[in-house]
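Take the sequences, apply the hints, and build the full model.
Residue numbers (my numbering), protein chains in the order written: chain A, 2 to 148; chain B, 68 to 510; chain C, 78 to 402.
Derived by calculation from the structure, the hints in this document are not laboratory data. Please note: incorrect hints may appear among the correct ones.
In the DMTMM-like style, the derived pairs of lysine to aspartate or glutamate whose C-alpha atoms are separated by at most 25 angstroms in a straight line are [what the hints assert, rightly or not]:
{"no.": "1", "chain 1": "B", "residue 1": "Lys-321", "chain 2": "B", "residue 2": "Asp-355"}
{"no.": "2", "chain 1": "B", "residue 1": "Lys-482", "chain 2": "B", "residue 2": "Asp-327"}
{"no.": "3", "chain 1": "C", "residue 1": "Lys-172", "chain 2": "C", "residue 2": "Asp-320"}
{"no.": "4", "chain 1": "C", "residue 1": "Lys-162", "chain 2": "A", "residue 2": "Glu-48"}
{"no.": "5", "chain 1": "B", "residue 1": "Lys-488", "chain 2": "B", "residue 2": "Asp-327"}
{"no.": "6", "chain 1": "B", "residue 1": "Lys-170", "chain 2": "B", "residue 2": "Asp-256"}
{"no.": "7", "chain 1": "B", "residue 1": "Lys-170", "chain 2": "C", "residue 2": "Glu-82"}
{"no.": "8", "chain 1": "B", "residue 1": "Lys-398", "chain 2": "B", "residue 2": "Asp-306"}
{"no.": "9", "chain 1": "B", "residue 1": "Lys-168", "chain 2": "C", "residue 2": "Glu-82"}
{"no.": "10", "chain 1": "A", "residue 1": "Lys-50", "chain 2": "A", "residue 2": "Glu-80"}
{"no.": "11", "chain 1": "B", "residue 1": "Lys-289", "chain 2": "B", "residue 2": "Asp-256"}
{"no.": "12", "chain 1": "C", "residue 1": "Lys-172", "chain 2": "C", "residue 2": "Asp-216"}
{"no.": "13", "chain 1": "B", "residue 1": "Lys-289", "chain 2": "B", "residue 2": "Glu-486"}
{"no.": "14", "chain 1": "B", "residue 1": "Lys-321", "chain 2": "B", "residue 2": "Glu-486"}
{"no.": "15", "chain 1": "C", "residue 1": "Lys-162", "chain 2": "A", "residue 2": "Glu-32"}
{"no.": "16", "chain 1": "A", "residue 1": "Lys-50", "chain 2": "A", "residue 2": "Glu-32"}
{"no.": "17", "chain 1": "A", "residue 1": "Lys-117", "chain 2": "B", "residue 2": "Asp-355"}
{"no.": "18", "chain 1": "A", "residue 1": "Lys-95", "chain 2": "A", "residue 2": "Glu-48"}
{"no.": "19", "chain 1": "B", "residue 1": "Lys-168", "chain 2": "B", "residue 2": "Glu-226"}
{"no.": "20", "chain 1": "B", "residue 1": "Lys-80", "chain 2": "B", "residue 2": "Asp-327"}
{"no.": "21", "chain 1": "B", "residue 1": "Lys-84", "chain 2": "C", "residue 2": "Glu-384"}
{"no.": "22", "chain 1": "B", "residue 1": "Lys-266", "chain 2": "B", "residue 2": "Glu-226"}
{"no.": "23", "chain 1": "B", "residue 1": "Lys-167", "chain 2": "C", "residue 2": "Asp-165"}
{"no.": "24", "chain 1": "B", "residue 1": "Lys-80", "chain 2": "C", "residue 2": "Glu-384"}
Treat the numbers as computed from the prediction; the structure is a model and nothing was measured.
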Amino acid sequence: MTPRFSLLLFVMAGLVVAFVPLPVPPIAPQERTFRIEAGQFAYSPSELKVNPGDTVTIQLVSTDVVHGLYVDGYDISIEADPGQTATLTFTAGKAGSFRFRCNVTCGAMHPFMIGKLNVGSNNWLYRSIGVALLAVVGVTLSLKQKT
Amino acid sequence: MAKIVLTRNPFIKNALKSRYPQLAVFIVMLVGYIFAILAGLIGTPVGSHNFSIVFVWIAWWAILILVAVPFFGRGWCAVCPIPLPGEWLQRGAILAPPDKKPKWLNLRVPKMFRNIWLQNISFLLLALFSSVLLTTPNITGIVLAAMLFAAIGLSTVFERRAFCRYLCPVGGFIGLYSQTAPIELRIKDKQVCVTCEGKPCYNGSSAGYGCPWDVFPGGLTKNTYCGLCMECIRTCPHDNIAVNLRPFSADLAKPSTRMDEAFKAFIMLGSAMIYAGVLLGPWGTLKDAAYNVGSSAWFVYAIIFLAIIFVILPGFFTLGILNTKNVLPLKQRFASLSTALIPLGLMFWVAFSLSFVLTNASYILAALSDPLGLGWNLFGTATTAWQPMLTTVLAPAQTLVLVGALIWSARTAQKAANEVKVSSIPVIVYSLIVTSIMLWLLL
Amino acid sequence: MNRSEFLSRIFVITGIILAIGAPLVFWTRTPLIHARMAENGGWNPDIIQAEVGQPLDLKLTSDDVVHGFAVGQMDMQSVDVLPGKVTDLTLIFDKPGIYTFFCTRWCGLNHWRMRGTIEVSGSSADPEPASIPMYVTLDLDIDAPHESPVVPQQIPSAIRGQELITNSPILQSPDYYRSHSPYQAFTDLSHTTLAEPQRWDVVAYIWQSNTTPESLANGQQLYAQNCAACHGENGAGDGVFADDLAASGEASMQTMTGADNMMMQSPVDFTNPTRMLGASPALLQGKILRGGMGTGMPMWGSIFTEEQIWDLVAYIYSFQFKYHY
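In structure tokens:
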């Protein structure tokens with residue numbers, strides 16, 4: 002095998018690992034409701050797990066000052082004052098792991114007030130680790146070839 | 068791959084040789100730096116709307132780690148305003164040729180401090196307080212002012228840029244990572260330097276000052292301690308200094324054997340991972356511990372932080388390379404092989420910063436129009452709402468950066484392993500594991 | 078010194094002077110009113126001088142979290158005071174006096190301590206005598222327990238009550254409603270032929286007929302913004318600060334008399350019939366007006382108008398009664 006050909010092979014394999022669609026077991030969409038308490042500077046619970054297609058309702062309860070909740074990737078948000086629960090309902094159409102974060106300045110650590118919404122399993126992480134593994138194998142083999 | 072001599076271009080050459088373009092940039096930088104100090108001290112205490120926080124920790128940091136260091140190495144040091152007041156004081160002039168007699172004490176930095184351990188310590192000090200530093204304008208103002216005054220103080224006691232070379236918390240890692248950059252300053256012909264009389268590049272002449280970074284350009288083989296201040300271009304009587312475009316990571320082919328640099332690589336690698344977990348993770352307890360400086364939780368955090376950097380990361384690394392049967396001492400193998408962590412660490416920082424910077428870049432527009440939070444609207448952008456940018460491409464970009472880092476690191480490991488005649492596999496496996504952890508933290 | 082060196086020095090020094098001078102000049106010329114959480118100092122300044130008829134220009138900014146600004150007993154829309162941003166506001170006072178301004182967005186357990194005063198000087202055309210609150214004229218001890226010895230088995234319904242009520246004009250007068258607790262009304266109905274649950278239904282109707290849907294809606298809004306954080310969104314005394322209040326206990330601010338029997342308490346549960354059916358609107362008005370004097374219940378007298386307090390009182394009873402609307 003020429004080095005160029007093996008490189009091409011590894012790049013192809015990497016693309017396969019990264020992008021080939023997996024068979025998704027059909028899961029009937031559910032309605033899920035989460036009550037999230039927001040306080041300086043954390044959400045509780047801070048990790049939500051839903052299935053793709055679920056209808057997700059987030060009840061945001063602020064326990065000290067005004068907080069917000071913005072979901073990365075979905076670009077939706079709500080704001081809650083203490084004593085006034087805010088509700089956000091959306092369909093979890095995009096699969097993956099998304100951070101949600103406070104979008105109302107709530108004190109010093111506000112930019113780092115973060116939680117995670119996992120829609121389905123975090124496939125991109127596993128694919129990334131797969132690609133990383135492939136890359137390492139590729140580099141190691143290429144050295145063997147040379148020597 | 069051949070090098071391209073940038074200074075062959077007369078425009079570039081003249082721009083570097085003349086003092087005025089650099090001086091103009093210096094003045095702008097110094098004014099901005101002083102303004103940032105003041106903004107931190109008198110502006111709004113709300114970090115995300117204060118010039119000091121937004122321009123230092125979002126704008127400057129983004130430019131530094133995403134552009135300046137990867138592409139220009141110590142390019143930032145070439146325009147950094149921190150050493151200037153001290154240096155001008157030290158020389159008694161801004162442009163005028165140096166005096167024969169030193170104006171101040173002009174001492175040599177003691178031998179025991181002529182390494183980057185002080186920089187390792189100063190970086191760690193800031194890192195342990197980073198949650199407060201990154202979010203509190205007046206702490207940022209005080210730290211910026213402290214660096215300026217420390218640089219002035221050291222300039223009056225020691226010769227040259229002692230602060231930059233031995234104390235600056237940022238300079239340490241810029242130097243380490245500048246080895247990967249495609250820019251270098253080198254001599255053209257070694258023979259010219261050998262026969263050169265008086266070595267004006269190091270000792271100064273009527274054309275300019277001796278190397279502020281205490282480096283003899285004739286001996287330069289790596290970027291680490293060359294501050295790209297361009298003084299030697301001005302002083303060299305033989306036109307023997309060139310700025311070259313070269314392949315990335317050229318310096319890494321010659322692994323360092325210094326422990327201070329090896330540990331710098333671990334410090335930076337570990338800090339990037341810890342920041343990714345603490346600042347971008349969903350764990351509130353960690354954030355509280357990191358923020359509440361002085362509390363018992365913070366002490367636990369600090370101990371864990373230091374343990375990860377000085378025990379866990381180097382520990383597993385040592386375990387990995389322990390078994391290789393080799394005549395070279397472990398210390399030397401450790402230092403050489405840790406070279407593989409230099410591109411890896413740099414890219415960890417790039418991946419971490421991408422997330423932080425893209426999320427908060429919209430603050431830059433608002434702070435530009437109202438830098439002090441006094442209700443101004445200088446450019447009509449004061450009401451720009453916070454809005455994360457490019458959220459959909461962030462995760463793929465981070466994967467690309469980290470996988471790229473891993474390949475780069477594996478390649479570097481192979482070269483370093485060749486150098487010390489050991490197998491590169493343990494180092495590559497180590498890199499794969501830490502990269503997977505970083506992927507897990509970020510994605 | 079040659080010319081280029083001289084010019085360089087001029088540029089550097091001018092730059093430094095500008096970098097230091099310009100922000101300082103603008104900073105000292107912008108008088109901002111800073112809002113901070115009460116624990117960190119509240120409003121600064123917290124006393125503002127103004128003159129009758131003269132516009133008062135205020136520049137408000139927050140140094141930490143979201144706050145709001147409004148002046149008590151004044152017909153004004155509250156404005157948000159956002160971190161790092163400046164809110165411009167112009168007020169005109171047409172009567173002299175001391176006004177209370179306060180934070181309108183919850184900013185922690187001590188949010189309600191974030192208050193300040195505006196001293197408006199000038200002469201007034203017609204000084205109004207302060208009205209004496211009803212609990213004073215009725216000589217009610219608002220700190221003593223007023224419990225209802227009996228409670229209904231089911232939630233009293235104004236709808237059923239309306240069907241049952243015989244024409245009894247006395248019971249429906251606003252004065253009667255304000256000065257009597259539901260339990261007193263319940264006992265006053267004992268001469269009728271109605272069974273106990275029916276009498277409670279009639280009481281519910283009397284309470285409903287003394288308010289309007291608009292008042293209840295207004296009361297509900299006031300309740301959500303000002304009361305729910307402690308008393309709970311459903312009135313059960315389980316608001317987000319309830320635990321903090323109970324926990325802060327003796328560590329809280331001392332009472333006026335230094336008595337420790339009035340330390341911070343858990344917020345009152347408005348769904349508790351024993352407590353609520355024994356309390357008259359006048360008593361509740363007094364509690365809201367005066368506050369708990371050290372229990373953690375704020376004093377609202379200088380903030381709400383009389384009408385707003387009656388609306389709130391009417392709304393609070395809706396946790397006990399099922400209204401038609």
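Going through the hints against the structure:
no.	hint	result
1	B:Lys-321 - B:Asp-355	violated (42 angstroms)
2	B:Lys-482 - B:Asp-327	holds (21 angstroms)
3	C:Lys-172 - C:Asp-320	violated (41 angstroms)
4	C:Lys-162 - A:Glu-48	violated (32 angstroms)
5	B:Lys-488 - B:Asp-327	holds (22 angstroms)
6	B:Lys-170 - B:Asp-256	violated (34 angstroms)
7	B:Lys-170 - C:Glu-82	holds (17 angstroms)
8	B:Lys-398 - B:Asp-306	violated (40 angstroms)
9	B:Lys-168 - C:Glu-82	holds (19 angstroms)
10	A:Lys-50 - A:Glu-80	holds (21 angstroms)
11	B:Lys-289 - B:Asp-256	holds (16 angstroms)
12	C:Lys-172 - C:Asp-216	violated (31 angstroms)
13	B:Lys-289 - B:Glu-486	holds (17 angstroms)
14	B:Lys-321 - B:Glu-486	holds (8 angstroms)
15	C:Lys-162 - A:Glu-32	violated (39 angstroms)
16	A:Lys-50 - A:Glu-32	holds (12 angstroms)
17	A:Lys-117 - B:Asp-355	holds (18 angstroms)
18	A:Lys-95 - A:Glu-48	holds (17 angstroms)
19	B:Lys-168 - B:Glu-226	holds (12 angstroms)
20	B:Lys-80 - B:Asp-327	violated (35 angstroms)
21	B:Lys-84 - C:Glu-384	violated (79 angstroms)
22	B:Lys-266 - B:Glu-226	holds (17 angstroms)
23	B:Lys-167 - C:Asp-165	violated (60 angstroms)
24	B:Lys-80 - C:Glu-384	violated (80 angstroms)
Consistency with the previously given hints fails for numbers 1, 3, 4, 6, 8, 12, 15, 20, 21, 23 and 24, ordered from lowest to highest.
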